[in-house]
Amino acid sequence: MRRRHMCLLAATIALPFLAQPAWANLVYVSNEKDNTVTVVDSKTMEVVKTINVGQRPRGITISPDGKIIYVCASDDDTVEMIDTATNEVVGSLPSGPDPELFVLSPDGQTLYVANEDDNLVTVIDVNTKGVVAEIPVGVEPEGMGVSPDGKTIVNTSETTSMAHFIDTSTHEITDNVLVDSRPRFAEFKPDGSEVWVSAEIGGTVSVIDNKTRAVTHKITFEIQGLRSEQIQPVGIRIAADGKKAYVALGPANRVAVVNTETYEVEKYVLVGQRVWQLAFMPDGKQIISTNGLSNDITFIDTETDEPIKSVTVGQLPWGVAISPN
Amino acid sequence: MTDIASRVPIGRSRFGVMNYLVCLKGILIREGLRYLNQRERFISSLVRPLLWLFIFAAGFRQVLGVSIIPPYQTYVLYEVYITPGLCGMILLFSGMQSSLSMVYDREMGNMRTLLVSPFPRWFLLVSKLLAGVAVSIIQVYAFLFIAWFWGVKAPPSGYLLTLPALFLSGMMLGALGMLLSSLIKQLENFAGIMNFVIFPMYFASSALYPLWRVQEASPLLYKICLLNPFTYAVELVRFAFYGQIEWTSLAVVCGFTIIFIAGAIIAYDPSRGLVIKKQEGGNN
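Heads up: the protein sequence lines correspond to chains C and G, in order. The first sequence begins at 1 in the numbering used here and counts up one residue at a time. The second sequence begins at 1 in the numbering used here and counts up one residue at a time.
Here chain C stands alone, though its shape is the one from the complex:
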């Protein structure tokens, strides 16, 4: 018995040394209440810089070449650009009023912004910094997803409880799919076959087939000891190999790990309070969650799905984007 224990121990000692990230990446976190973006070194897991940005920064993303960070400054009605070489704000884009969340086309040329107050999706050319089109959508648009081929974007409108499929060549809505109450976020599978839409009040994630544009699965969550209304799915990220999806569950303080083949929750990872958005490290070995009410972010190992460390950032961290190197 004892000898078996010792063997087990010896075998497990080597494990933690194997799963270290090779390169340090910079993690950019938008702090909604602080009007700042916190920059965290992913290797040392320490804050290296705090950048002042416009009022109420929420949605945040990075250009495919990793040179520019885009941040929605919701109360300033602009999208600000941060140069990742200097970590300074270098310019801004017109975004229409109250931009909350946006998505960048895969080629990095076009930004699709949800304007919560105006029931619009604004299409912006990042090179000319001009508005290309304004697409009327449902009430309180928020979630934005883009297909890997860039031909389709999906916008969710919170009050209408719909996912609107928009053709990016015509800027017209082609399909409207009814989902559960208060859809917050839309994420395409890396192969473009499905769109996952989270419903904050409904407490579910609807899986929509991209071909038929119909809901094929509904993922529900259940955590022992938590009331169902505390489980509010928001941010979703699907791993590059398409096998696992991570869903931030808001006030449940957990990130759900979902098997994309069985649509079953495999694990709930404990993170900070009111977990909102997620982002993968470029190598996919870690995923980072923003925990709004506890003012921190949590690094999660995607191999073991264990939380590694929580790092304090600014007040009310909302979104997160990670530079490639």
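None of these hints come from the bench; they were simulated from the model. Certain hints may be false.
Derived lysine-lysine pairs resembling BS3-like cross-links, with alpha carbons at most 30 Å apart [what the hints assert, rightly or not]:
| no. | chain 1 | residue 1 | chain 2 | residue 2 |
| --- | --- | --- | --- | --- |
| 1 | C | Lys218 | C | Lys244 |
| 2 | G | Lys25 | C | Lys285 |
| 3 | G | Lys153 | C | Lys43 |
| 4 | C | Lys211 | C | Lys189 |
| 5 | G | Lys25 | C | Lys309 |
| 6 | G | Lys153 | C | Lys267 |
| 7 | C | Lys243 | G | Lys185 |
| 8 | C | Lys49 | C | Lys309 |
| 9 | C | Lys33 | C | Lys49 |
| 10 | C | Lys218 | C | Lys267 |
| 11 | C | Lys244 | G | Lys153 |
| 12 | C | Lys218 | C | Lys151 |
Following the hints, position chain G against chain C.
Chain G alone, transformed into the frame defined by chain C:
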């Protein structure tokens, strides 16, 4: 032991290291055999912390909430927080149980066999202590093994790094038990140990709640917790799980171990010990 005793003149102990080892081995084997013969003891020593883990911790999970305090790097469930405390609990009960067995041995006369050995008294007591700690550490690992399946996981290396911490804490608590056993006259008095030593030590410590939370509730209780050596044993084990050394705890645990062992040696010394004094008192 009797072999050696016959070869070496009694009175002056001039034994080689090998002789000491033979003696130690004898005591270890005896303690091990006694342990193996008492399956109930093994099971009960596992059931106790497991009940706390499965029932108490599950219920308190939501009530106590989560916060990050060293050595934790991120949020932990209450089950994870309470586990080092439960390891300490196993060591504490085990230490006290050895004290119970000392009293039992004394009443049954087995103790005499041990104490008439020509080896120095301190060596016999420390050997007995080591034997008790070895047994209790096996219990701790059995508990951790089951807890692993319950989802209570420390970093894998922590399971090895915590071994010295468990050993030191076990020595401290075992020595305390030994010191107490010299004070108890009869087996029946063991219930007193339970009420006046085990429970206060366990509850007034950082085993169940983080000290900052205790301080919020009652500053007096917080001070009591800080005076309780068991708090430091638990913290030493807790930090060791994450590959860290809590130096204050280490110093306190080492200090108390030395004090308790010295106390036990003095108490069991026939010429000045408390045992003899008490017996005299009892005869009056």
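Consistency of the hints with the structure:
1. Straight-line distance between C-alpha atoms of lysine 218 of chain C and lysine 244 of chain C comes to about 16 Å, which keeps the hinted pair within the 30 Å bound.
2. Proposed proximity of lysine 25 of chain G and lysine 285 of chain C is contradicted: the alpha carbons are some 50 Å apart, above 30 Å.
3. For the proposed pair lysine 153 of chain G and lysine 43 of chain C, the alpha carbon gap of about 23 Å is at most 30 Å, so the pair holds.
4. Among the hinted pairs, lysine 211 of chain C with lysine 189 of chain C is consistent with the structure: their alpha-carbon atoms are about 13 Å apart, no more than 30 Å.
5. Restraint check: the Cα-Cα separation between lysine 25 of chain G and lysine 309 of chain C comes to about 45 Å, which exceeds 30 Å; the hinted pair is violated.
6. Our distance criterion of 30 Å between C-alpha atoms is met by lysine 153 of chain G and lysine 267 of chain C, whose separation comes to about 14 Å.
7. The straight-line distance between the Cα atoms of lysine 243 of chain C and lysine 185 of chain G is roughly 67 Å, outside the 30 Å bound, and the hint therefore fails.
8. Under the criterion of a C-alpha separation no larger than 30 Å, the hint pairing lysine 49 of chain C with lysine 309 of chain C is consistent with the structure, at around 19 Å.
9. Taken as a hint, the lysine 33 of chain C and lysine 49 of chain C pair is honoured in the structure, with Cα atoms around 17 Å apart against an allowance of 30 Å.
10. Taking the CA atoms of lysine 218 of chain C and lysine 267 of chain C, the gap is near 17 Å; set against the 30 Å cutoff, the hint holds.
11. The hinted pair formed by lysine 244 of chain C and lysine 153 of chain G meets the criterion: a straight-line CA distance of about 22 Å does not exceed 30 Å.
12. A hinted pair counts as satisfied when its Cα atoms are at most 30 Å apart, and lysine 218 of chain C with lysine 151 of chain C qualifies at roughly 25 Å.
The structure fails to meet hints 2, 5 and 7 from the earlier list, while all remaining hints are met.
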